[in-house]
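Colleague: Listed below are the residues making up each chain.
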Amino acid sequence: MVSFYDYLKLLLPKITNELVICTLAGVSRQWFDLKRPDGNLYTVYMAGATPIALGLALALPHRRVISLDSDGSLLMGLTILPVVAQQDPSNLIIIVCDNESYGAIDGLPTHTAGAACLAGIARESGIRNVVEVKELTEFQKAIDDAFKANGSSFIVAKVKQSHQPSPHKLPHALDNKFQLVRYMETTENRSK
Amino acid sequence: MKAQIKEDFIAGLKEAGINFVASLPCSGISLFLPSIADDPHFKQVPLANEGDGVGICAGAWLGGKKPALLVDGAGFVLAHYALMNITYKFGGFPILLVVAHRGSFGDGKAWYHFGDGTETIQILESLRIPYTIVRESQKLKAELVSGERTAEGYGRPAAILLNLEEIW
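One line per chain: the protein sequences are A and B, in this order. This note's numbering numbers the first residue of the first sequence as 1 and each following residue consecutively. This note's numbering numbers the first residue of the second sequence as 193 and each following residue consecutively.
Pulled out of the complex, with its shape left as it was, chain A reads as follows (with noise of 0.2 Å):
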């Protein structure tokens, strides 16, 4: 099974101003990793980064925004998908980090180690475009349809448990969220 890493390396030549919210452990290292500042929030809280991405997604609809969600983290919140559902911006794309386990936690396993399936319940929640994925050239087609799809996406990339280790400290939450705002003051032309 392939690592989220190799995914995220497929996604990163798709960035060009794209906005970047990121749930937090391992997912917030591996895409910092990858692309670092403008653009990105790391660190985001346990189901937090879905919902600040829709609420960016909303604010500015000339504008992508990716989630780079994960299976423990949006199985805390499931009650996001049938907002993004109603919503369906175009411009918001989740992708999902499934590797069915709370890797911060020793691994332990989540819901969808078991039974249940992330793209089965945004589906029924109403979301339009929803895939799962298992293989890195099926992943490259997601996110190549994502970037061009009517209505929001949801991408479930089934991913093996491992920590891609990472020589680099992430920014304070804080700090991030300055270097945001002031990369978009500078992009969308305005001033706070």
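By construction, these hints were calculated from the structure, which means they are not laboratory data. Mixed in with the good hints there might be a few duds.
Straight-line alpha carbon distances no greater than 27 Å define the calculated DSSO-like cross-link-like pairs of lysine-lysine that follow [what the hints assert, rightly or not]:
(1) B:281 - A:169
(2) A:160 - A:9
(3) A:134 - A:9
(4) A:148 - B:235
(5) A:35 - B:281
(6) A:160 - A:35
(7) B:258 - B:235
(8) B:198 - B:301
(9) B:206 - B:258
Keep in mind that this is a model prediction, so the values were computed, not measured.
Following the hints, put chain B in place on chain A, whose structure we already have.
Modeller: Then chain B, alone, in the frame of chain A:
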């Protein structure tokens, strides 16, 4: 009376510059929601969980909107986790919180809200969120404007607690 309160509430939000509203209905704010939904000045996002509204409003603010979160006390307690995180991790985001404060002093008929009515105050104070309690409807509009100015000025949430018996 209700019509005047509704008019003042919408006018107060507009005067405060609020243009993005995340909400979940309850008896204390449902009076306002249809008017917000029908008014193109506002982008309204109906929620299924008040905690999601905190993140949605934070994202909207990053995107240049002036957000408000309209919830009841039980929902506010549910949103505590998200508010704690944006406060302690990110130093807060300017979000105007409008909370229907059922179960507060004198609201004995809503005994089932006594828990969230009481805990709402504790949570606001524990997170150092500035707040005011609006008991007189004629002050509503001005307090909404003050609340937004507080949130934007301090860069963190500020709360308006609605104790308006006329709309319960």
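Colleague: The structure should be examined with respect to each hint, and the outcome stated for every one.
Modeller: Hints, one by one, checked against the model:
For a cut-off of 27 Å, the pair hint linking residue 281 (chain B) to residue 169 (chain A) stands: about 16 Å separates their Cα positions. Our distance criterion of 27 Å between C-alpha atoms is met by residue 160 (chain A) and residue 9 (chain A), whose separation comes to about 16 Å. Among the hinted pairs, residue 134 (chain A) with residue 9 (chain A) is consistent with the structure: their alpha-carbon atoms are about 15 Å apart, no more than 27 Å. Distance check on the hinted pair: residue 148 (chain A) and residue 235 (chain B) sit about 24 Å apart at the alpha-carbon level, within 27 Å; holds.
Restraint check: the Cα-Cα separation between residue 35 (chain A) and residue 281 (chain B) comes to about 21 Å, which is no more than 27 Å; the hinted pair holds. About 22 Å separates the Cα atoms of residue 160 (chain A) and residue 35 (chain A), which keeps this hinted pair within 27 Å; it holds. Using a Cα cut-off of 27 Å, the hinted pair residue 258 (chain B) and residue 235 (chain B) holds, with the two alpha carbons roughly 10 Å apart. A hinted pair counts as satisfied when its Cα atoms are at most 27 Å apart, and residue 198 (chain B) with residue 301 (chain B) qualifies at roughly 23 Å.
A distance of roughly 10 Å separates the Cα atoms of residue 206 (chain B) and residue 258 (chain B); the hinted pair therefore holds under the 27 Å criterion.
Figure legend: structure checked against the earlier numbered hints; every hint is met.
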